[in-house]
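Counting in this note's numbering, the sequence shown tops out at residue 447, every number present.
It should be emphasised that the hints constitute simulated quantities derived from the structure, not laboratory data. The structure displayed is predicted, hence computed values, not measured ones. Check each hint, because a few of them may be wrong.
List time: in silico DSS-like cross-link candidates among lysine-lysine, alpha-carbon distance up to 30 Å [to be verified]:
id, residue 1, residue 2
1, K414, K334
2, K350, K382
3, K354, K438
4, K350, K334
5, K336, K390
6, K336, K350
7, K367, K336
8, K333, K414
9, K333, K390
10, K334, K367
11, K333, K384
12, K336, K354
13, K438, K350
14, K390, K367
15, K334, K384
16, K382, K367
17, K386, K367
18, K386, K333
19, K384, K350
20, K350, K386
21, K438, K390
22, K333, K382
23, K435, K350
24, K367, K354
25, K354, K382
26, K438, K333
27, K367, K333
28, K367, K350
29, K414, K354
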Amino acid sequence: MKKVLILLAAFCLSVAAQAQTGSKVATTKKLKVVFHLTSSDTTVQKSMAKQLNNFLNAAPNAKVEVVCHNSGISFLHKAKTKFADKVHDLSARGVDFVACENTMRDRNIKREELVDECRTVPAGVVEVVMKQNKGWAYVRATQ
């Protein structure tokens, strides 16, 4: 019984020590996550920008991509976005912003109408699926 208590105490101390290493994620594996934005709702977009910021604060070396298609393309559309500064700041921290060319074609959006910090892909959904097939975690942008 005494040995069990000693082992339990040692385990608790090791857990407590790990918890005090700070708010950054300690991992040898590089985290990779794709955020999927399909909403023009500015509340959803603001929430996603905050989640991205919080995620990068906790895991600053992570690879992060945001795929915008359907109504979510407004996040990257110069004339419609309320978050151009956030896109710029997050891009400077390594976030890769991607716009769907199918959506651009359907909505008659030209590349020069999008923020400079983004790139385009032929199909946003295919981009998300390809990332998942390569082991990237998936986060759907919601409130």
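(request) Mind listing which of the numbered hints don't hold for this structure, in increasing order? (result) 1, 8, 11, 15, 18, 22
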